[in-house]
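S.K.: Line by line, the protein sequences give chains L and G.
In terms of our numbering, the first sequence is numbered consecutively and its last residue is 1562.
In terms of our numbering, the second sequence is numbered consecutively and its last residue is 115.
Keep in mind the hints are simulated off the structure, nothing from the lab.
Wrong hints could be hidden among the right ones.
[To be verified] Some, not all, of what chain L presents toward chain G, calculated at C-beta under 8 Å:
id, residue
1, GLY1316
2, VAL1328
3, ILE1331
4, LEU1335
5, LEU1357
6, VAL1360
7, PRO1361
8, ALA1495
9, ILE1506
This structure is a prediction, so every number in the text was calculated from the model and none was measured.
C-beta: ideal position from N, C-alpha, C; glycine also.
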Amino acid sequence: MYYLGPRRNSALTLEHAVVSFVIALVAGAFGSVLGIGGGLFIIPSLTLFLGVKLKTAIAASIVAVIATSLGGGNVYVRRRLADIRLGLLLALATVPGAVIGALLATRAPAQLLAGVFAVVLGFSAYRMLQGARRGPPSILPSLELGQDLPPSRFRGSYVEPSTGEVVRYHVIRAPLGVVTSTAAGLVSGLLGVGGGIIQVPVMNLLMRVPIKVATTTSTYIIGITAMAGAFVYYNHRPSYIDPSLAVPVTIGVFIGASVGSGLLGRLSQVTLRNAFTAVMAVYTVQMALRVFGIGSG
Amino acid sequence: MVLGLVAAAIRNGSGVSTVLPLDRELPQVGKGDPAAILDLGILLLFATPLAGVVTALVGFARERDYAFTLVSAVLLVLLVISFAVALR
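Chain L with its partners taken away, still in its complex shape (with noise of 0.2 Å):
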């Protein structure tokens, strides 16, 4: 609640606020298309074009994580897609880890807190290009349920929208995916992404959820996660969210995953994983510089 200095804590010009709104546009385009809120592309190139300070930038792109999630989860759960319950049971355990994870950033030094977005952000675009070799996602056969699965008491079933029919699964390991979606919680309260690269292949390869059942949950539990450790960074004296960047952010990314599959339609998955894969390699590399120094601090 205190003016944060004049260390370019803020956007401080329309200039940047346009600048990170259009950011937050290919994010969340790109985001929505690819199946991820767009976090891991916001917070480098803010830090990166604007000089945006990270702890800022994480707080900025953490808000604006919880409207991607209104935006997709909403239209989701309205098609019946999303597990509602799966999502309430499983972010009993991202909230925690979220305010833990925030918690955690509020008080490591920016270097090292780069260093860790360098991990994550490596190890996701190297997920991302394996995905990209194998092709698209294999949904595992919700079919295989029935008398060989284990007795689960969690059960669900939803619409397949291309062909109509109704398919039902079981959830299987429901505690130890609780207990591993603490650490996706922990992902996003610590860098101010989605968490769902984490949450997504622990509810369907875990949890044998149907994958997209795993995508459409998942963007609803981010949208409670995002907020938990939003609430960190809000309460943080002095407070990391600055208006200015936030909400050009947070709009850009909304509209960006609203329209995004529209506008990116025309492009195969295949293309778009690989580009932004690419664009993800580089952020690494200076994202991991940043944290012998390199760069703004």
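Following the hints, put chain G in place on chain L, whose structure we already have.
M.R.: Frame of chain L; chain G shown alone:
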């Protein structure tokens, strides 16, 4: 959750182009203060997932799904605690 769009719209109507190098002010300061309106918008944004959880809780209660009514309730408590913890 539709509130999300409303929150976004509210923020949009802030008469932006605020070049003020402020971080945040108490929203009370803001009758017509654009910076404060931005803050309010952000706070509203925060409130939206919260409202979503409350809505879910009510829904579960109505459906007599007590297990998840409990889950939602616990989550709400966690979120309130999170906010309070952050205030330290």
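S.K.: All the hints need checking, so say for each whether the structure fits it.
M.R.: We went through each hint and held it up to the structure:
At about 14 Å, the closest approach between the beta carbon of GLY1316 of chain L and any beta carbon in chain G exceeds 8 Å, and the interface hint on this residue is violated. Interface hint at VAL1328 of chain L: satisfied, since its Cβ lies 6 Å from the closest Cβ of chain G, which is below the 8 Å cut-off. A least Cβ separation of about 6 Å between ILE1331 of chain L and chain G falls short of the 8 Å threshold, and the interface hint therefore holds. Interface restraint check: LEU1335 of chain L against chain G, minimum CB-CB distance 3 Å, threshold 8 Å, status holds.
Look at LEU1357 of chain L: its Cβ gets to within about 6 Å of chain G, closer than 8 Å, so that hint holds up. Given the 8 Å rule on beta carbons, the hint for VAL1360 of chain L holds: about 5 Å separates it from the nearest Cβ of chain G. Among the interface hints, the one on PRO1361 of chain L holds; its C-beta lies about 7 Å from the nearest C-beta in chain G, closer than the 8 Å criterion. With a least beta-carbon distance of about 6 Å to chain G, the hint placing ALA1495 of chain L at the interface is held under the 8 Å criterion.
Because the beta carbon of ILE1506 of chain L sits about 6 Å from the nearest beta carbon in chain G, less than 8 Å, this interface hint is met.
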